[in-house]
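Starting from the known structure of chain A, arrange chain B with the ligands on it as the hints suggest.
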Amino acid sequence: MSVLRILIKRNRIWVAISIILSLVANLTNMIYMYYVGELVNKIEERAVVSMAFIVLLAAFILLSVATLFMNQYVGRITAEKMAHTLRIGYASKLIHRSAEQGKECDTAAAMSVAQNELAQSDGYLTNTFFDITGMLFTGILAMAFMFLQNVLLTLVLLIPTLLILIYVGFSSRSLSTIVSAAQDEKRKMNQAGFTTVHAFPAVKIFEGEELCKKAMDERLVSWTKHQTKVGRFAALYNTLSGILSRVPLMLLLLAGGYMVIKGKILMGTLILFLNLQNSLTQAIMNLPNWIAGFKVFTTNLSRIEIEKRG
Amino acid sequence: MIELRNVTYKYEDHPVFQGISFRVEKGQKVGIVGESGCGKSTLLKLIAGLYTPASGEIIVAGKSAAAEITKKVTVVMQSPMLLPMSIRENITMGHDYPEEWIDMVIDAANIRSWIDTLDKGLDTYLGDRADELSGGQAQRIAIARAICKNAEILLLDEPTSALDGENAACVLEALNRYAADKTVIHVTHRPEHLSGYDRIFSMKAGKLSDETAGVIIYES
Ligand SMILES: Nc1ncnc2c1ncn2[C@@H]1O[C@H](COP(=O)(O)OP(=O)(O)O)[C@@H](O)[C@H]1O
Ligand SMILES: [Mg+2]
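Sequence order for the protein chains is A and B.
For what it's worth, my numbering labels the leading residue of the first sequence as 39, then goes sequentially.
For what it's worth, my numbering labels the leading residue of the second sequence as 576, then goes sequentially.
It is worth saying that the hints were derived from the structure and are not from the lab.
Hints are not guaranteed to be accurate.
Think about it this way: if two alpha-carbon atoms lie no more than 20 Å apart in a straight line, the pair counts; the simulated EDC-like pairs of lysine to aspartate or glutamate are [said to hold, decoys possible]:
#1 B:646 with A:247
#2 A:131 with A:160
#3 A:224 with A:255
#4 B:724 with A:248
#5 B:724 with A:245
#6 B:620 with A:247
#7 A:252 with B:643
#8 A:252 with B:671
#9 B:724 with A:160
#10 B:779 with B:588
#11 A:226 with B:698
#12 B:647 with A:245
#13 A:242 with B:643
#14 B:638 with A:245
For each label pair, taking beta carbons as the anchor points, the in silico distance ranges come out as [unchecked claim]:
#15 B:756 with A:267: 32 to 38 Å
#16 A:134 with B:693: 51 to 57 Å
#17 A:130 with B:740: 26 to 32 Å
Note that the coordinates shown come from a computational prediction; the quantities given were computed from them, not determined experimentally.
Note that beta-carbon positions come from the ideal geometry of N, C-alpha and C, so glycine has one too.
Next comes chain A alone, as it looks inside the complex:
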């Protein structure tokens, strides 16, 4: 069983609550946007805006703010719980392993894991994991919601977005290969540092200082090279995807504007679409970074052995 699955399973109640809250928060937000669109439509049609409508709108504004807050709050707690399970799981694995094998654990390796894989997974869980799942939800829900509103306009938005998705799929794969290579270099570099500290008495007695310094310098240079490459490619892909992300918006404005002028749809519907397309494109544009980040996260996790019992 993969470590991620264990983390989710051990905190399944919190994960479930987070997911439900994320869904509810997104739904209320969309319904609120929908009512804003409706309001614009009513004004455009010079229709009477009933008191009940205003109260409903206000209620959804409040609800949307409240669920958003709850969603973030519970998301942080869940992330922290999962990170905690990871740390404790790793610690008890170390203890069990040294007890079972009756030998000292490899401090240098353990320290290296703690400083690299564990710290990064921890950071990813607490800072990114639930934000990303939230945004992905928003994107998917936004799309479903738009389909319900107007199929043609959704297609105008969706087709270029799907083309972008293909580009993004390509760039993210390419980026994540580069990222994980750089990550590997970093791990080796740190490992070399820690092992040298751990083996320092031997380094002194056998006068290996020169050798160690040379090895660490080489590692540093190699890591820097990889890191620069990551920066270069990330900048390139993000700039391109940034430019591409404007295309659906332009098409939406053109097609939607035309439909409004022709009286096919109301202004409010277009406003609703403009609001929602933001969620959708944002989700899709960020996919390369997320996929790369997630890949690094799972690679990190695969290097951390945690205690499977208890």
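What follows is chain B with the ligands alone, placed relative to chain A:
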């Protein structure tokens, strides 16, 4: 010749030795036994010049400065302390030795047959795969490193404690063969490994008593 004169040493405020004196003649083989935590490793580290005493004097092969002492000794520690580099680099620690010397070292440390099974032989990288080594293989690389330095004094700090019986015997045999004409201080918790030694000391709370003669060498 190794001599400690009235040496005091402490870790922060944890005193280990308070005026210990101790002498080993050139070519002598000396064993030290004692419970863990009594200061055996600290004593070896002092003799290896890794630590400087708070007071008193340590003279090893006529030298007393820590950096000079270090040049005179070679050590096998409890854990092999390997670096994420090739087997060759772990043995030579980056110094140039003639190829024949390295050949001799490999035989002496009993790793020839194992190295011959490796695709890259001596240039096999011991980084990420270090945990694929068995304890015996790792410790024998450490022994090869100690032999390669070829200093006149050999310090052994429980060199077989992480190994099973068969591996331990093999490692000890390699060490004894090499150490025939060296000065040796061997710390162990298994007195049976000290057969044929000139003197055996037992250490208790930073004090040494000569078990061979039954005399307490130092009392504070
Ligand atoms: N680096 C250190 N810092 C503080 N105390 C230490 C350190 N190394 C050892 N000690 C302490 O010094 C005493 C002697 O340790 P050591 O020489 O390793 O004993 P032995 O090798 O006989 O087991 C022990 O009480 C130990 O806890
Ligand atoms: Mg010890």
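Open item on the list: Tell me the hint numbers this structure goes against, listed in increasing order.
Closed with: Hints 7, 9, 15 and 16 contradicted; others consistent.
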